[in-house]
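Position 51 of the sequence shown, counted from 1, bears residue number 51 in the working numbering, the numbering being contiguous throughout.
Hints should not be assumed to be uniformly reliable.
Derived DEER-like restraints, expressed as beta-carbon distance ranges [said to hold, decoys possible]: (1) Gly-27 <-> Gly-55: 15 to 25 Å; (2) Thr-79 <-> Gly-53: 17 to 27 Å; (3) Glu-69 <-> Glu-48: 12 to 22 Å; (4) Ala-16 <-> Arg-45: 12 to 22 Å; (5) Ala-28 <-> Met-1: 32 to 42 Å; (6) Pro-41 <-> Lys-78: 18 to 28 Å; (7) Lys-72 <-> Ala-16: 28 to 38 Å; (8) Asp-22 <-> Glu-68: 17 to 27 Å; (9) Gly-55 <-> Ala-28: 12 to 22 Å; (10) Ala-16 <-> Thr-92: 25 to 35 Å.
Below, simulated BS3-like cross-link-like pairs (lysine-lysine); rule was C-alpha separation at most 27 Å, straight line [to be verified]: (11) Lys-39 <-> Lys-72; (12) Lys-72 <-> Lys-3; (13) Lys-78 <-> Lys-3; (14) Lys-78 <-> Lys-14.
No lab work stands behind these hints: they were computed from the structure. No residue lacks a Cβ here, since even glycine has one placed at the ideal position from N, Cα and C.
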Amino acid sequence: MAKASARHILVETKEACQNLIDEINNGADFAELARQHSKCPSGNRGGELGEFGPGQMVPEFDRVVFNEEVGKPHGPVKTDFGYHIVEITSRT
Numbered sequence: 001m002a003k004a005s006a007r008h009i010l011v012e013t014k015e016a017c018q019n020l021i022d023e024i025n026n027g028a029d030f031a032e033l034a035r036q037h038s039k040c041p042s043g044n045r046g047g048e049l050g051e052f053g054p055g056q057m058v059p060e061f062d063r064v065v066f067n068e069e070v071g072k073p074h075g076p077v078k079t080d081f082g083y084h085i086v087e088i089t090s091r092t
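Please model the complete structure; the sequences and the hints are all you need to start from.
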């Protein structure tokens, strides 16, 4: 079974999400931005979500984590919680 590790930043608007993606792409530290901006408790851990398998996260999140490129920010990913920047840190 596939497994992945990821981190994310959860914000309320698509615009805020895109602005943070731009900052990350320009060299800002993902973990620091997560601590400063994420609305999710995982922000305190730099956005780290740990390891999980398919179906353990909401479908929108799973589609990104199990299909997109590892090691780069993806988003905005819209869920019922808000807008996410997702970075897959590993996948097997």
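Okay, the hints, checked on the actual structure:
| no. | hint | in the structure |
| --- | --- | --- |
| 1 | Gly-27 <-> Gly-55: 15 to 25 Å | 34 Å, violated |
| 2 | Thr-79 <-> Gly-53: 17 to 27 Å | 18 Å, holds |
| 3 | Glu-69 <-> Glu-48: 12 to 22 Å | 19 Å, holds |
| 4 | Ala-16 <-> Arg-45: 12 to 22 Å | 20 Å, holds |
| 5 | Ala-28 <-> Met-1: 32 to 42 Å | 34 Å, holds |
| 6 | Pro-41 <-> Lys-78: 18 to 28 Å | 20 Å, holds |
| 7 | Lys-72 <-> Ala-16: 28 to 38 Å | 19 Å, violated |
| 8 | Asp-22 <-> Glu-68: 17 to 27 Å | 18 Å, holds |
| 9 | Gly-55 <-> Ala-28: 12 to 22 Å | 32 Å, violated |
| 10 | Ala-16 <-> Thr-92: 25 to 35 Å | 32 Å, holds |
| 11 | Lys-39 <-> Lys-72 | 21 Å, holds |
| 12 | Lys-72 <-> Lys-3 | 18 Å, holds |
| 13 | Lys-78 <-> Lys-3 | 22 Å, holds |
| 14 | Lys-78 <-> Lys-14 | 8 Å, holds |
The structure is inconsistent with the numbered hints 1, 7, 9, although it conforms to all the rest.
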